[in-house]
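Letter by letter, the chains look like this.
There are 6 protein chains.
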Amino acid sequence: MRPSKRAPDQMRSVKIERNVSNHAEGSCMISFGNTRVLCTASVETNLPPWRRGQGLGWVTAEYGMLPRSTGQRMRREATAGKQSGRTQEIQRLIGRSLRAVIDMQALGENQITVDCDVIEADGGTRTASITGAFIAMADAIAWMKERELVGENVIRDHLAAISCGVYQGTPVLDLDYDEDSAAETDANFVMTGAGKFVEIQGTAEEAPFSADELLSLIGLAQKGIGELVDMQKRVLNGETI
Amino acid sequence: MRPSKRAPDQMRSVKIERNVSNHAEGSCMISFGNTRVLCTASVETNLPPWRRGQGLGWVTAEYGMLPRSTGQRMRREATAGKQSGRTQEIQRLIGRSLRAVIDMQALGENQITVDCDVIEADGGTRTASITGAFIAMADAIAWMKERELVGENVIRDHLAAISCGVYQGTPVLDLDYDEDSAAETDANFVMTGAGKFVEIQGTAEEAPFSADELLSLIGLAQKGIGELVDMQKRVLNGETI
Amino acid sequence: MRPSKRAPDQMRSVKIERNVSNHAEGSCMISFGNTRVLCTASVETNLPPWRRGQGLGWVTAEYGMLPRSTGQRMRREATAGKQSGRTQEIQRLIGRSLRAVIDMQALGENQITVDCDVIEADGGTRTASITGAFIAMADAIAWMKERELVGENVIRDHLAAISCGVYQGTPVLDLDYDEDSAAETDANFVMTGAGKFVEIQGTAEEAPFSADELLSLIGLAQKGIGELVDMQKRVLNGETI
Amino acid sequence: MRPSKRAPDQMRSVKIERNVSNHAEGSCMISFGNTRVLCTASVETNLPPWRRGQGLGWVTAEYGMLPRSTGQRMRREATAGKQSGRTQEIQRLIGRSLRAVIDMQALGENQITVDCDVIEADGGTRTASITGAFIAMADAIAWMKERELVGENVIRDHLAAISCGVYQGTPVLDLDYDEDSAAETDANFVMTGAGKFVEIQGTAEEAPFSADELLSLIGLAQKGIGELVDMQKRVLNGETI
Amino acid sequence: MRPSKRAPDQMRSVKIERNVSNHAEGSCMISFGNTRVLCTASVETNLPPWRRGQGLGWVTAEYGMLPRSTGQRMRREATAGKQSGRTQEIQRLIGRSLRAVIDMQALGENQITVDCDVIEADGGTRTASITGAFIAMADAIAWMKERELVGENVIRDHLAAISCGVYQGTPVLDLDYDEDSAAETDANFVMTGAGKFVEIQGTAEEAPFSADELLSLIGLAQKGIGELVDMQKRVLNGETI
Amino acid sequence: MRPSKRAPDQMRSVKIERNVSNHAEGSCMISFGNTRVLCTASVETNLPPWRRGQGLGWVTAEYGMLPRSTGQRMRREATAGKQSGRTQEIQRLIGRSLRAVIDMQALGENQITVDCDVIEADGGTRTASITGAFIAMADAIAWMKERELVGENVIRDHLAAISCGVYQGTPVLDLDYDEDSAAETDANFVMTGAGKFVEIQGTAEEAPFSADELLSLIGLAQKGIGELVDMQKRVLNGETI
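Residue numbers (full-length UniProt numbering), protein chains in the order written: chain R, 1 to 241; chain S, 1 to 241; chain Z, 1 to 241; chain C, 1 to 241; chain L, 1 to 241; chain E, 1 to 241.
Okay, chain R solo, but in the shape it has when bound (with noise of 0.2 Å):
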C-alpha cells in the first residue's frame, strides 16, 4: 500500500497553467501533487560564444529550489556561493532533455533559457520541471512565431518526464516524498511524445535491481509519459487541467 492511497501505476494529480508570468516570452506554473514548479522561458538573441556563426541555436536550463520549498530549510545556494552537485546534474538533464526535441537549425541563431525554480517540493521536482520546460519552452516557440524569428517546426515532438521506483517490492508510478525516502530503487525517464526514449537515469538506493525489475518501470513510465503528453497537447490547445 503506497503512503498515498494511491494505486501502483497511478501518478499524481498533474495541473498546469500558462502565462503566469508577465515578463517571460513562455511561462507555467506544473504541480505534481505537492510539488509546484514555476518554469520561465526566456528568448535572447545572444549565444554562448562557442555557438556562434554556425546557424544554429541553443537552448538551456537553470533549476533552483526556494529555500523553504522543503520541509527542513535549505541553505540558499546564492549564499552558499556555489550550486550543489545535485542542482548541477539536474539542471545539465533538463537543459540535454529539451535539446533532444529542437531542430537547431530552424531555432536560428537564437538562444532560449528555461529557468525551473521548484516553489514547493514533494518528490519528482526534476520530472516536473522537465515536463513544464517543455510547455514554458513550446510557448516561447510560438511567440517566436508570432514575431517571424522562426519559422515553422522548431519543435519536433512532445517532451515529458517522470520518476518510477520499486517500493516495498512493488514498482510504483510517479515517487512522492515520502515513496522516495524509502524506494529500493529509483529511476526517471524522459521521453518523446512518439513514445521513445531521451534520458534513462536509474540508481538503486537500497538494494540493486533486476532486468526485471527495470522492465517493469519502464512499462511504468511509458504509460505515466503517454498520459502526459496528452495533458500537454491538451494544455497547448487552450484547455485548462
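None of these hints come from the bench; they were simulated from the model. Just so you know, not all the hints are guaranteed correct.
You can't tell identical chains apart in this list, so a pair holds if it fits in one copy or across any two.
[As the list claims (entries may be wrong)] Below 20 Å or equal to it, Euclidean Cα-Cα: the simulated SDA-like pairs (lysine to any residue) are: (1) K145 x Q105; (2) K196 x I218; (3) K223 x D9; (4) K196 x A207; (5) K196 x E184; (6) K145 x T87; (7) K223 x L47; (8) K145 x R18.
Using the hints provided, position chains S, Z, C, L and E relative to the given structure of chain R.
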C-alpha cells in the same frame, strides 16, 4: 501625470495571501501591483554561534529574485557564485527592520529566518518584502505560541515599508518600475504601527533634493504605511484582501 | 554628557592633508578625531564596457579597512575571499554620492576610481570617506584640467557627509565609536555645498525614532556639513587645517 | 564497422595493475584500451560529522582528469576554482555505486575515500574508474581485515561498469572516444557480480532511442560486465592481466 | 650609474616610526626611500586549532598593497576574491622569517599576527615589511611582558631583510622600482642580528648568474642588514631615525 | 648517518621515461627515488592576451599533487576551490625557471604549458618537476621544429634542479621526505647546463644558517645538478636511464 494614472498619494493595489506554503511555519504571497514576493518564515531552534547562551533570540532575512522576475532575464546569483551588493543590502535591511519590532528576550533562544523571493518585479520589491515578511514572521510566532515555544508579546508593534520619490518634480507614493527608473529622488521608509521610523533611505538619483521635498516624502510615507498597517491588521484577523 | 565631553552639536576635530600619495592623481588623508582614512583618486581612460561610446564619464569608489584599524583585529577581506555586505554597502554609497555632483558629460569618457582605505577607525568611517573622497576627486579633476583632458565645470558642487544619532535620548552630531555602539538611532547624511540632500540613511538601532527626532538630526547634519564644506573650500584654496 | 575494427560486442583490452601506490591502502592502475585511470583507496578513521555515532561506515569517491589526459589540454579544475558539473556528476556516481556493494555495518565507523584520477583519456573514463575503484577498495578492505579493523563480509558483491551506445545504427559495447563523439545514444551501466543493476544512465545524444535499442544495450552491458567481473576475480586472486 | 645616483652598496634612506596605531599592541611605519609599509602586530590568545595544547605559540603574517600604492592602480584583492600568488608568497615569507627568531615555548599559547600593508610602493616592499614587522612584533612582545603574559627571551635575535641585484652588470644593494624592473638578477636576503641567514631567494630575471655574482650579492646583503639591525636597535632604544 | 644510508653528496636513483603520454607534444615520467612526477608539455598557438603582438612566445607551468601521493591523503585542490599558497609558489617557480633558458623570440607567438603532476611524493617534488619539465619542454620544442613551427636555438641551455639541506649538522644532497621533515635548513637550487644559477631558495627551518653552510650547500648543488644535466643529455640522446 503618473504613467499608472494614480494620484500622487495613491498606492498600488495591495494583496496579501497567507499560508501559501505547506512547509513554512509562516508564509504569505504579497503583491504591490505587479510586484509579487513570496515570504516564508522558518523557525529554527539553532542560533548562530555568536548569539548562543544569552537567552536572546534572533531574526534574520534573505532576499532573492527569480532570474526572470524582471523584464530582462537576470543572471542567477547561485550561478554567479555570489549575491550582488544590492541583494546583500536589501536582505540586511529586511532583517534589521524585522528585529526592530521583536522582543528578543521573549523570543528566547530561537531563530526565525524569513526568505523573501521575488516572483515578479515591478518596483518596490524591498518594501513589499518587508511588509510581507512581517506577516510571515507574525504567523511563525503564532505557530510557536500554539506549541508554547514562546510566550506573549514577542512582537512589539507592526512593521511596514513603502517607497516614495520625486517624479517629474512631484512627490509621489509607491513607485512602480517605470517611475522608479525615471525618478529624480527615490526613498524607502520602514515604520512601525505607532508611526515611528525604523529605517529611512533616501537617494538623489538625478538631482539632490531639498529639505522641503524630504518633508513631503515623509508625509507620503506616513500616509502609505498607515494604510499598509491597517491591511496587515485585517489580514491577520482573517480577512481576505 | 557625551563620552568625549563634546557639546551635542560639536564635531570632532577634522584634518585634511592633501597630496599624500606620490602615485595617485589626487589624494588626501582625512581625520575625524581618531578616525583616519586615506583617499586616493585614480584617473583611468578606460571606462567599464557598459558605459562606453556615450560620451559620458564614470566615477566609482572602493572601500576597505586595514585589519588592525579596529580595536579587535578584523579578518582581511582578501583572505576571506570576498568583501562583506557592509563593505559593499559603503563603497556603493561613496560612489553614488560622488556621482551626484559630477557632470558626466563634462568629464568625458574617463573614469575616476576613488579608494577609501581606513587606516584607523573610531566611528564615522563612511562619512569621513565621502568627505575626503571629494577632495581627492577634486584634485584628480584639477590634474586632468591642467592636462586639458577635461574642461571647466566637471564638478557641480561640493559634497560632504556626517553622521548624527540619538545618544541617551539626545540628538548629537558626529558619533565616535563609543557613541555609535550605544546610540538608539544612527543616521548618515550626504549633502552638497548648496545644502541639498544626496543621501539620507537613518536606522533605529535600539528604538524606533519619531518624526521630531528625525527633524533634529536633519538640523544637526545641516550644521555639520556646512562646517565641513567650509573646511573643504579652505583646504582646496591651499590652507592647512 | 567500428573505427577500432572491434566486433560490436567486443570490449577493448583491459588491464589492471594492483598496488601501484606506496602510500594508499589499496590502489590500481586500470586501462580500458588507451584510457588509463589511477585508483587509490584511502582508509580514514574519521567519518563526516553527519555520519557519526550510528555504527555505520562510509565510502566516497573523487574524480579528476589530469589537464593533458585529453587531446586538447583542459583547464585544471584547481585553477578554475571549482569542479565542473560533469566531474561532480561522475564522482557522485562512483561513490554511490561503490556504496551499493558495501555492508556499512560491517565496515564500522571507518571511511574509505577512493580517488580516480584519469592519466589518459580515450572514452569510458567513468566506467573504468568504477571498475578499478572496486579493486582499490577491495584491497583497502583486505588491508583493514589484516589489521582486524573490520571483520568478514564487508563487501557483498563485485561491482563493474561499462558503456554501450548506438553507433551508426548498431548497438556496440565499450565506446572509445571516436565512437563516443559520434554515437547516437550513449549509456553507462553499473552492475554487480550477480548480474543486478546498480545504475543505468542512458542519454540520446543525436536521436531518441527505442525500447528495442535499449534492450540491446542492456544485453551488451550484461555480457561486458560479466567479463569484467571475471577479470576482477582473477586479478584479486593474484593473476596478472 | 644607478638611476638614484646611489653608490652600489648604498641603501636608501630608512625611517622607522613606532607606535603609529592606537589599537595595535605593536606597530610602526617603515620607509625604505619612497616605499612605505604600515606594520601592525596583534596579540591574540586564540591559537589556530592545529597548534593548540602543545604549550607553543604561533606567529603569522599577512601582506597587502593598497590599490593605488603603485604607479598604475592595481585591482583590490578583496574585490578580486583572492590573494594573488605573489601576495601569498610574500606573506608566507614574512611569517616564516619572523618565526625563525621566536622561542615558541617562551611565547606560550599566544598568537601574534603581523599585518604589513604597503601604503606606497617603490621596490623592496617585502624586505621593508620584514624589517618593520620585526619592530612591530618586538613592541607587541614588550606589551605582553608588561602584562606578564610572557617572560624573558621570547625573541632570540634581531631580524631584518634587504634586496640586492645585478643591475647593468654591477651588484647593487637595495633596489628601487626602476632598478628592480631592469635588473638581471634579483635576490632577497633575510638575516639575523648575529649575521646568520634565515632566507635567501635569488632569481635570474634576465640572465642566469654566476657563483661569483652570488657571492657579491651575499656580501652586499651582509653589509645592508648590518646597518638595518643597527637602526632597529637604536629605534627600540627610543631614538628617532 | 642519513636514514637512506646515502653518502652526504649522493643523490637518489633518478629515472626519466620519455613519451609517456599519447596526447602531449612532450612528456616524461621522472623519479627521484620514490618521488614520481608526470610532466606533460602542451603546445598552444594561443598566447595570453597581454603577451600578444610582440613576436614573443611564452612558457608557463602548473603543478599539482594527486590526493594520495602523500602518506596522509591530502584534500583535492579542485574540491577545496583553490590552489594552496605552496602550490602557487611552486608552479610560479617552475615557470620562471623554464623561461630562463628559452629564447622567446625564437619560440615565436606560441605558448608551451608544462603540467607537473605528482603521482607519488617522497620529498623533492619541485626539483624533480623542474628537471622533468625541461625534458617535456625540450620534446615539445622538437615536435614544433619537425613541423617547422620554430627554428633552431629556441632552447639556450639545459635546466635542472636539486634540493640540499643541513641534516643533523651535515650538509646533504637531495633530501627525501624523512630528511626534509627533520632538516635544520632546506634549500632548492635551479641551475643551467653551464653551471649558472637560475634560482636559489634557502630557508632556515630549525636554525639560521651560516655563510659557510651556505657555501657547502652551493657546492653540493653544483655537483648534483651536474649529474642531472648529464642524465638529461643521455636521455635526450635516446638512452634509457
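So, going through the hints one by one against the coordinates:
In this assembly of identical chains, the alpha carbons of K145 and Q105 lie at most 20 Å apart only when taken from the same copy (14 Å versus 42 Å across copies). Taking identical chains as interchangeable, the C-alpha atoms of K196 and I218 lie at most 20 Å apart whether they share a chain (11 Å) or sit on different chains (16 Å). Taking the shortest alpha-carbon separations for K223 and D9, only the intra-copy value of 8 Å comes in at or below 20 Å, while the best inter-copy value is 32 Å. Taking the shortest Cα distances, K196 and A207 sit within 20 Å of each other only across copies (9 Å), while inside one copy they are farther apart (28 Å).
Taking the shortest alpha-carbon separations for K196 and E184, only the inter-copy value of 13 Å comes in at or below 20 Å, while the best intra-copy value is 26 Å. Proximity of K145 and T87 under a CA criterion of 20 Å is satisfied in neither setting, with 32 Å inside one chain copy and 36 Å between copies. Proximity of K223 and L47 under a CA criterion of 20 Å is satisfied in neither setting, with 37 Å inside one chain copy and 43 Å between copies. Only within a single protomer do K145 and R18 lie at most 20 Å apart by alpha-carbon distance; the minimum there is 18 Å, versus 39 Å between protomers.
Hints 6, 7 from the earlier list are contradicted by this structure; the remaining hints agree with it.
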